[in-house]
Amino acid sequence: MPERKTIRVALAGQPNAGKTSLFNGLTGAHQHVANYPGVTVEKREGHYDHDDRRYDLLDLPGTYSLSSFSPEERVAQDELLNNSPDVTVVVVDSTTLERSLTFLAQIMQLGANPVLALNMADEAEEAGQQLDLEQMQSLLGFPVVETVGNRAKGMTALREAVARAAANPVLRSRLVLGERMDRALEAVVDALAGTDLDSGGHVWTAVKLLMADPMFTDLLEAAGEPGRRALDVARNQREKLEADTGLDVALFVSERYYGFVDGLLKEVTRRAPRRDARAISDRIDRVITNRVLGIPFFLAAMFAVFWLTFTVGEIPMGWIEAGFKSLGLWIGGMWPAGSESPLKSLVVDGVIGGVGGVLVFLPNIVLLFAGLALLEDTGYMARAAFLVDSVMHRFGLHGKSFLPMVTGFGCTIPGIMGTRILENERDRLTTMLVLPLMSCGARLPIWMLLVPAFFAPPWRAPALWLIYAFGIAVALVLAKVLRRSILAGEEAPFVMELPPYRLPTLRGAVTKMAERSWLYVKKAGTVILAVSLVMWFATSYPKPATYQLDRDIHAGKVVVVTVKGKGAPAALAAARARAPKGTAVLTTNEAENRRKAEDLRYSTAGRLGRGMEPIIGPLGFDWKIGTALVGAFAAKEVFVSQMGIVYSMGEVSEESKGLRFTLARDYSPLTGISLIIFLLIATPCMATVAVTRRESGSWKWALLQFVGLTVIAYVISLLVFQIGSLLL
Amino acid sequence: MKRLADLGLVTYERREYIELTPEGERAARRVLSRHQILTSFLSEVLMMPAEAAEADACAMEHHISDEAMDRMVRFFEFMRSCPNPEPGFLQRFHDCSIVNNELPECPHQCNLRKGLNQEETPLMSIADLKPGETGRVRQINTSGSIRQRLLDMGVLPDVDVRVERVAPSGDPIWIKLHGYQLSLRMNEARAVLVTEPP
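Chains H and W, in that order, give the protein sequences. Position 63, counted from 1, in the first sequence is what numbering that gives the first Met the number 0 calls 62; the numbers after and before it change by one each time, with no gaps. Position 80, counted from 1, in the second sequence is what numbering that gives the first Met the number 0 calls 79; the numbers after and before it change by one each time, with no gaps.
It should be emphasised that the hints constitute simulated quantities derived from the structure, not laboratory data. Note that the structure is a prediction, hence the values are computed from the model and not measured. Think of the CB as a built atom: it goes at the ideal place given N, C-alpha and C, for glycine as much as any other residue. Keep in mind that the hints are not guaranteed to be accurate.
[Said to hold, decoys possible] Computed Cβ-Cβ distance ranges for the label pairs, DEER-style:
| no. | chain 1 | residue 1 | chain 2 | residue 2 | range |
| --- | --- | --- | --- | --- | --- |
| 1 | W | Q35 | H | D243 | 40 to 48 Å |
| 2 | H | D243 | W | E53 | 27 to 35 Å |
| 3 | H | P168 | W | E132 | 30 to 38 Å |
| 4 | H | N81 | W | R189 | 33 to 41 Å |
| 5 | H | L298 | W | E132 | 25 to 33 Å |
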């Protein structure tokens with residue numbers, strides 16, 4: 000028996016055609032998601048077996064046509080043209096055949112070996128549409144199957160069709176675009192024969208040259224003298240076509256594709272869909288998206304997702320936190336009590352703490368993606384974008400940026416992962432980069448500590464409100480600046496489809512949730528864990544050999560007493576009264592906190608904090624704040640506990656009155672404001688950096704975000720503190 | 000054929016199509032009666048009476064340069080062979096400025112006043128339509144990715160587009176065509192020029 004080679008199958012189609020659900024239906028769990036190199040376009044690969052053969056499946060990004068305006072389009076075109084798959088499954092939405100079949104026409108023109116999957120066949124049937132598949136198949140010359148992706152129906156038929164297409168490839172699907180166009184194409188193809196471009200793509204290249212596609216023009220300009228000659232031929236033909244038809248070629252070609260689809264549909268339609276196919280959907284829209292109720296309903300929907308993600312998410316988060324805490328205690332119990340073993344500290348504080356720190360976000364992510372799946376699969380997301388686009392657009396963002404940004408108020412991590420709903424790369428990157436400015440839930444403990452410390456009671460609520468508003472303002476301004484500078488470029492079209500309302504399926508939602516969660520744990524989780532370990536080391540090592548406290552005890556300057564139970568305050572007072580003048584009396588607890596403070600001061604983090612003093616001094620910060628800022632990189636809320644340790648207060652919470660009092664005593668309100676601004680804008684936590692790296696596909700954006708935000712925070716805090724100092 | 004090719008007037012690759020080179024095209028046009036073309040241009044486009052057109056064509060044909068002649072011929076052919084992108088353009092020109100001795104500056108007003116040409120209403124963009132109104136696409140007046148996206152979405156000449164609703168702030172708008180629905184920002188909507196459907 001001859002060696003049977005693996006068959007490479009690509010899945011192509013327009014957005015919303017249900018490509019991904021077909022992909023999931025075909026491959027099941029055998030899939031792998033990564034990014035295409037250098038772009039934020041997601042590359043989804045998988046495989047399945049059929050009749051003892053392996054089929055490698057590649058899900059191309061959804062695009063409305065095969066052109067080269069966006070990274071998604073370039074990737075899809077490039078895969079089909081240069082890595083020519085054995086079979087290309089073209090997925091179309093059966094309810095909008097007129098439009099979606101033009102995409103098939105382009106695939107045919109490109110010279111692929113297609114299989115047509117008429118997806119959402121159930122909806123089309125419900126609307127009364129009936130097609131003659133036999134007729135369609137014989138006219139097109141390749142297999143046509145009906146599928147229902149979100150219910151995984153028609154998968155066997157599709158697998159068989161792919162096998163048939165692989166066995167009998169269409170050598171040259173001929174698309175008749177009319178005599179004029181054919182003549183022009185032929186002339187350009189002839190000219191291309193002189194170049195060293197792969198001949199398989201000549202017809203498509205010719206079409207694109209006639210349409211004056213800049214990417215193909217550049218390609219030929221790089222191909223030397225024969226390339227330039229072909230370009231000349233193409234230019235002549237284009238001018239001739241335009242003179243003859245009075246239309247520019249892009250429009251002419253589009254009309255031809257529509258003409259082809261129109262003709263095809265006339266031949267194969269047994270019964271046209273009834274006109275009221277969208278009647279129910281339209282009736283819902285008349286209420287949900289009208290001018291009066293549109294915004295209130297939108298806000299309610301956003302609130303619902305937020306509530307689901309964070310309020311409901313808090314419950315399992317509590318379980319995870321408690322679980323890891325008891326796990327830490329249990330494992331810590333394997334060492335003798337009071338052990339100072341570095342291994343124990345590494346396992347309990349470093350590893351278990353780090354893994355816990357990764358998994359604690361998981362409920363948020365699962366629930367956010369459940370909410371997103373609900374909004375997207377019902378079709379409401381496009382409507383939400385429609386309603387708020389004008390506001391977001393003013394700042395260079397997209398209507399759909401709204402939801403990830405709102406999510407950012409709960410936690411930046413799911414917010415950044417949620418930017419996936421944005422189709423355009425620049426929109427996505429802009430939203431991702433400014434997202435940490437949405438004051439997240441982990442920063443709330445910091446505000447609860449600092450605001451009461453530095454503001455009088457009547458000013459506390461307005462101050463808190465101002466913090467949030469200031470973050471939003473900086474984010475919007477920054478988005479605008481980004482779109483004018485590094486993310487400048489032609490604005491992506493907002494021309495967006497508003498699909499009819501659909502009932503979401505559990506299968507779709509669960510798949511999305513599981514996939515996102517797994518990606519988070521695997522890709523971002525490893526980085527977060529690694530940084531956690533580094534942070535653990537930085538705050539624990541090196542350890543001082545001797546403690547100042549012990550030397551003081553030795554010198555008789557400090558006396559430590561052990562007091563316990565009800566009589567403790569009285570016993571302590573008595574000890575104080577007994578002590579000679581100039582000698583401090585500490586409880587064992589207080590002594591332990593002193594040692595911890597000395598540990599931290601001596602550690603890498605403490606040294607960093609002290610090393611930073613000349614830099615952060617102009618902001619009004621001292622080394623103690625610097626040390627806490629280093630800790631805040633691990634997670635924002637760590638700032639509070641680090642401050643507690645530096646001030647020898649042991650474990651503190653934001654409610655700690657003592658710490659508030661100490662802060663108010665040691666720092667001016669101006670330092671407080673400067674510190675709040677710095678913490679609001681600067682240093683997204685390490686999990687943010689890791690997730691940005693994962694979602695943007697490169698360290699470049701993650702580092703830009705980290706450095707950029709830190710610099711902006713520094714400058715604003717510096718200005719506030721310095722100008723404030725001059726005025727006061 | 001070979002002789003024409005040697006003269007550089009035609010190129011013929013393969014069997015099927017014969018193409019005139021630019022030189023050949025000009026030569027052919029010279030051969031084609033200048034007189035005839037000038038006469039029909041004067042009478043059909045500029046609406047001159049037949050005898051006057053004939054006489055003026057005689058006067059012109061001996062003095063007009065090849066270049067001017069060539070361009071006039073191109074324009075004339077273009078007018079005849081291509082009703083798109085703005086059908087009835089010539090008709091409006093006739094209605095307004097020549098036949099009726101109107102000033103040619105404002106064809107819209109002229110059109111409305113005369114009530115001529117019932118099927119040709121002036122161009123407006125879908126941004127000008129109110130919710131519930133329908134327009135027939137005539138032109139897509141933009142370029143690059145927005146144009147391509149509009150074409151991909153089926154916004155093509157002769158397609159009817161209905162404005163369903165407008166976002167609370169007036170931008171973007173929500174349109175319906177071919178039975179599906181799209182949203183467009185105002186700056187995109189302004190590029191889609193429509194007339195009232197018949």
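Okay, the hints, checked on the actual structure:
no.: 1; hint: W/Q35 with H/D243: 40 to 48 Å; result: violated (22 Å)
no.: 2; hint: H/D243 with W/E53: 27 to 35 Å; result: holds (30 Å)
no.: 3; hint: H/P168 with W/E132: 30 to 38 Å; result: violated (49 Å)
no.: 4; hint: H/N81 with W/R189: 33 to 41 Å; result: holds (38 Å)
no.: 5; hint: H/L298 with W/E132: 25 to 33 Å; result: holds (30 Å)
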